[in-house]
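**Student:** Chain by chain, the residues:
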Amino acid sequence: MGETSINFAKASSAALQDQQLRGNFRRAMDGLMSKRAVQFADTAEWNGVRTLGASVRLRALSKLPELLEKLEANCTKNGIQVHWASTTDEANAIVLSIMQRVNAKLVVKGKSMVSEEMHLNAFLEKHGIESLESDLGEYIVQLDEAMPSHIIMPAIHMNTKQIAHLFKQKIKEAEYTEDVAQLTDLARRVLRKKFATADVGISGVNMAVAETGTLCLVENEGNGRMSTTVPPVHIAVMGLEKVVEKLEDVPPVISLLTRSATAQPITTYVNMISSPRKEGEKDGPNEIHLVILDNGRSGIYADEELRNTLRCIRCGACMNHCPVYTKVGGHAYQAPYPGPIGSILMPQVEGLEKRGELPHACTMCNACVEICPVKIPIVEIMGRLRSEAVHPGDAVRGAGSHASKAEAMVWKGWSMTYASPLAYQFATALLAKLGNAAPASLPLLKEWTNVRAKPRFANRTLHALAREKGIPDV
Amino acid sequence: MSESRNAILGKLRAGRDAHPLTPPESDFAVLRNKRWDGAERLERIKRMMEAVHTEFLETTEADWPADVQAFLKAQGTRNLLFGPATEAGARLSTEWAASGMAGGPELIPYADRVETFKERLFDGIDAGITTTLGAIADTGSLIVWPTPEEPRLMSLVPHMHLALLRADALYDTFWQAMTENRWADGMPTNALLISGPSKTADIEQTLAYGVHGPKRLVVVIVR
Amino acid sequence: MSHDGTTSRPDIERPESVYFFGTCLVDLFYPEAGMAGMELLKAQGVRVVFPQGQSCCGQPAYNSGYREEALKVARAQLDYFPGDWPIVVPSGSCAGMMSKHWPDLFKGEPDEARARQVASRVWELTQFLVQVLKVKFEDQGPPVKITWHASCHAQREMGVTDEPKALLRQLANVELVELQREKECCGFGGTFAVRHPEISAAMVGDKVADIENTGAKAVVSGDCGCLMNISGALEGGKKPVRGVHIAQFLKERTHG
Ligand code: SF4
Numbered sequence: 001m002g003e004t005s006i007n008f009a010k011a012s013s014a015a016l017q018d019q020q021l022r023g024n025f026r027r028a029m030d031g032l033m034s035k036r037a038v039q040f041a042d043t044a045e046w047n048g049v050r051t052l053g054a055s056v057r058l059r060a061l062s063k064l065p066e067l068l069e070k071l072e073a074n075c076t077k078n079g080i081q082v083h084w085a086s087t088t089d090e091a092n093a094i095v096l097s098i099m100q101r102v103n104a105k106l107v108v109k110g111k112s113m114v115s116e117e118m119h120l121n122a123f124l125e126k127h128g129i130e131s132l133e134s135d136l137g138e139y140i141v142q143l144d145e146a147m148p149s150h151i152i153m154p155a156i157h158m159n160t161k162q163i164a165h166l167f168k169q170k171i172k173e174a175e176y177t178e179d180v181a182q183l184t185d186l187a188r189r190v191l192r193k194k195f196a197t198a199d200v201g202i203s204g205v206n207m208a209v210a211e212t213g214t215l216c217l218v219e220n221e222g223n224g225r226m227s228t229t230v231p232p233v234h235i236a237v238m239g240l241e242k243v244v245e246k247l248e249d250v251p252p253v254i255s256l257l258t259r260s261a262t263a264q265p266i267t268t269y270v271n272m273i274s275s276p277r278k279e280g281e282k283d284g285p286n287e288i289h290l291v292i293l294d295n296g297r298s299g300i301y302a303d304e305e306l307r308n309t310l311r312c313i314r315c316g317a318c319m320n321h322c323p324v325y326t327k328v329g330g331h332a333y334q335a336p337y338p339g340p341i342g343s344i345l346m347p348q349v350e351g352l353e354k355r356g357e358l359p360h361a362c363t364m365c366n367a368c369v370e371i372c373p374v375k376i377p378i379v380e381i382m383g384r385l386r387s388e389a390v391h392p393g394d395a396v397r398g399a400g401s402h403a404s405k406a407e408a409m410v411w412k413g414w415s416m417t418y419a420s421p422l423a424y425q426f427a428t429a430l431l432a433k434l435g436n437a438a439p440a441s442l443p444l445l446k447e448w449t450n451v452r453a454k455p456r457f458a459n460r461t462l463h464a465l466a467r468e469k470g471i472p473d474v
Numbered sequence: 475m476s477e478s479r480n481a482i483l484g485k486l487r488a489g490r491d492a493h494p495l496t497p498p499e500s501d502f503a504v505l506r507n508k509r510w511d512g513a514e515r516l517e518r519i520k521r522m523m524e525a526v527h528t529e530f531l532e533t534t535e536a537d538w539p540a541d542v543q544a545f546l547k548a549q550g551t552r553n554l555l556f557g558p559a560t561e562a563g564a565r566l567s568t569e570w571a572a573s574g575m576a577g578g579p580e581l582i583p584y585a586d587r588v589e590t591f592k593e594r595l596f597d598g599i600d601a602g603i604t605t606t607l608g609a610i611a612d613t614g615s616l617i618v619w620p621t622p623e624e625p626r627l628m629s630l631v632p633h634m635h636l637a638l639l640r641a642d643a644l645y646d647t648f649w650q651a652m653t654e655n656r657w658a659d660g661m662p663t664n665a666l667l668i669s670g671p672s673k674t675a676d677i678e679q680t681l682a683y684g685v686h687g688p689k690r691l692v693v694v695i696v697r
Numbered sequence: 698m699s700h701d702g703t704t705s706r707p708d709i710e711r712p713e714s715v716y717f718f719g720t721c722l723v724d725l726f727y728p729e730a731g732m733a734g735m736e737l738l739k740a741q742g743v744r745v746v747f748p749q750g751q752s753c754c755g756q757p758a759y760n761s762g763y764r765e766e767a768l769k770v771a772r773a774q775l776d777y778f779p780g781d782w783p784i785v786v787p788s789g790s791c792a793g794m795m796s797k798h799w800p801d802l803f804k805g806e807p808d809e810a811r812a813r814q815v816a817s818r819v820w821e822l823t824q825f826l827v828q829v830l831k832v833k834f835e836d837q838g839p840p841v842k843i844t845w846h847a848s849c850h851a852q853r854e855m856g857v858t859d860e861p862k863a864l865l866r867q868l869a870n871v872e873l874v875e876l877q878r879e880k881e882c883c884g885f886g887g888t889f890a891v892r893h894p895e896i897s898a899a900m901v902g903d904k905v906a907d908i909e910n911t912g913a914k915a916v917v918s919g920d921c922g923c924l925m926n927i928s929g930a931l932e933g934g935k936k937p938v939r940g941v942h943i944a945q946f947l948k949e950r951t952h953g
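Chains as they are written, first to last, in the numbering used here: chain L, 1 to 474; chain V, 475 to 697; chain F, 698 to 953.
In case anyone wonders, no lab produced these hints; they're calculated from the structure. For clarity, every value in this text was computed on a predicted model and none was experimentally measured. Glycine included, C-beta positions come from ideal geometry on N, C-alpha and C. Don't take every hint at face value.
Unchecked claim - Among the chain L residues that face chain F by a calculated CB cut under 8 Å, a handful are:
id	residue
1	Tyr176
2	Thr177
3	Phe426
4	Thr428
5	Leu430
6	Ile471
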């Protein structure tokens, strides 16, 4: 394992000790799962819209380069300035140069996962620009100097009490209260001032429409609309996979997104932006910039199987349904995208040296695959990445970096034994005789018997029993 | 940065051409076939929007300016931001002036660029009123296209948003509304669906209304 | 109903003979469950063949990223199912590996067609009992309260969700109390349990708590991986609940 390897096991172990945290996640995820099930109770409708949504995403991927060019052309025609960034560094530099040109001091941000991927806040702070998260969850996490623990509900790891203490500690005018309405109102008052005075607004993009040059954003709070309407300059950042071909592709994807994410038939706002302020219009930004980020995505796109990762509409439902995520929470992944989608996306974006552990943060239960609204074969990709991690190859950065001679030998020996009936029957008969004598302190057994009784080998194998009972062989 | 542009597009093209992808047909029948009959549509819209704390005011073409005035007065609303250059705005100003209601809300026109009155907008306005292009039964959503006469912030910054909805401008789904009206032929600067007052569940999944946008959404149904 | 919305597989005619693929875990740890499975089939008048050359579907290596090794072991199975009979497997997970993943595993290999042919004949035991043999059981045991743990791969790869519970509900004296989170993974996940022992322990801990809450005397499951994990944890935690494979449970209830 490379030195830079991120240690999921260690972080998850710490998370598991935190009973409060575990309770917070268990409750939240149970609630989200049952509410989502209500939204998709009509199985025929779910199948129809899901198949449609998957086809929309696949069609977009099938024409990805052409659609991006079309998006660029139509945005440009509408007055939106389009920028391209191969890396997050480049994307940050583009954002900074726009800021410096307009002499920006204060930025308000709507929720954007790509900006998390860019570590944009830290970057801007370094350059003396205050970058303020305005989504309530993101705002809480920023006050706490932490990372989001969920892509849709960034502060889901905290309970009201913890947030109440945080507000009291970090916001000057705050009185201690555990009343959610009052806490929310406090954030409203603080942030309103910021919206009114910010120089630049930054947002993500849920979908960009090539046909019309339109940026679609969904949200409940109104901070997204504020960030994209009030400041004189709006910068939108998007991963290059977020394009769809036609305007009519938007409704099914939004329907899948909001129902999967938070079990709402729709969010409070669907905000479709197609141009900066036009002649005669009284508000809206004078400039809109769209930064299209690659950051490894074009590499993912090159592989027929891995490409399916790019279908993702970032609904977060796979997190809500993941039994591993539910146990350890988002922070254990130490990544902007946690949970199942993070476990397949992060290794592809940042390489297997660093993220090779993540594809193993999964029991392959397929709960995510069952509910993914765009039918991403998440677990198949997980398996593929496990294989890439131990075999040098060229599909994923860092392929082969987790290869271990000892492990390879074990599997080689296993396959030789299990592929030969003679060797297999000899070995299993031996285990039936002697296996139970193995001390519980052996590696693997030790981990197993941590909370479990030692597995007991039967004293006769099924092969032996079948022979004895006269079950015919072939 | 056209270097990156070409590099990215070149890589994507090479990747795609090496392994082309044939997507399945997109079958929109699931959206096309979602239908409710006339009366059901409005009922459904009300039910869905009320579930997320939207309020409704029923009125008529003749009475709505007066009804809105009375409603706001009863709420203790101090003022109402409106678009003076729209037909609805013109009726508001003439009819409110003529009504001579004492202690009613003051009408504030959104007549100039936002820069000229940003502070007041953010700090001194109780309510804003806009028209809508209709509503959607499937999700309980208003369709709002801001215009120079009815700018974007009118439905966002004031604490209460009143939205005029013609009872006959109802659609079944978002998809039907956009395809029937050929939105793709020309999108406005900003097109919105609004389905309730601003809300959040970011604190322990407890719903709270009015986080950044309007705390109250009042749909004025005009028959 | 499986995850992509396909309902259970097309019906086939009731065969005269079937193959039984026991799986490596059953072979070593739960042979009595394997025997019970074969006897249930025989009791329906079906001839059961147990190829002695069989070993394992290859899943352990496959899921660990060692596909070549998995392929080698999977390939070694192909010779042992020559007749055109269904292959019945007392494990949703191994059945899923064979029917859903073999086609991928053998992709581009000279024996791909053969592997696909074998894979297409694989049935999970309870699915086969319900859908093909249309069994009707008569309960002969004393009253007991049990609960059911759904294996992830049985439900999501083989589309087996209602079949096992339908079988259990045929038993007049058996009260089936469903788990609150019946569909949630128990935390076994093959090598996951030893790679991430703490997370796995937390997961099986939630499962055990769920089981205890039902007040059941036994937890029945169709997969030996889950069973090993859940009964190991029940036993490790000194809980008076027994873990039992559905084949063995059905056999006990119906053959005295
Ligand atoms: S992988 Fe699927 S379920 Fe997970 S966030 Fe993406 S679209 Fe949603």
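**Student:** Next, verify each hint and record whether it holds.
**Tutor:** Hint check:
1. At a threshold of 8 Å, the smallest CB-CB gap from Tyr176(L) to chain F is about 33 Å, leaving the interface hint violated.
2. With its C-beta approaching chain F no nearer than about 33 Å, Thr177(L) sits outside the 8 Å limit, and its interface hint is violated.
3. Look at Phe426(L): its Cβ only gets to about 12 Å from chain F, farther than 8 Å, so that hint breaks.
4. Among the interface hints, the one on Thr428(L) holds; its C-beta lies about 6 Å from the nearest C-beta in chain F, closer than the 8 Å criterion.
5. At about 11 Å, the closest approach between the beta carbon of Leu430(L) and any beta carbon in chain F exceeds 8 Å, and the interface hint on this residue is violated.
6. Look at Ile471(L): its Cβ gets to within about 4 Å of chain F, closer than 8 Å, so that hint holds up.
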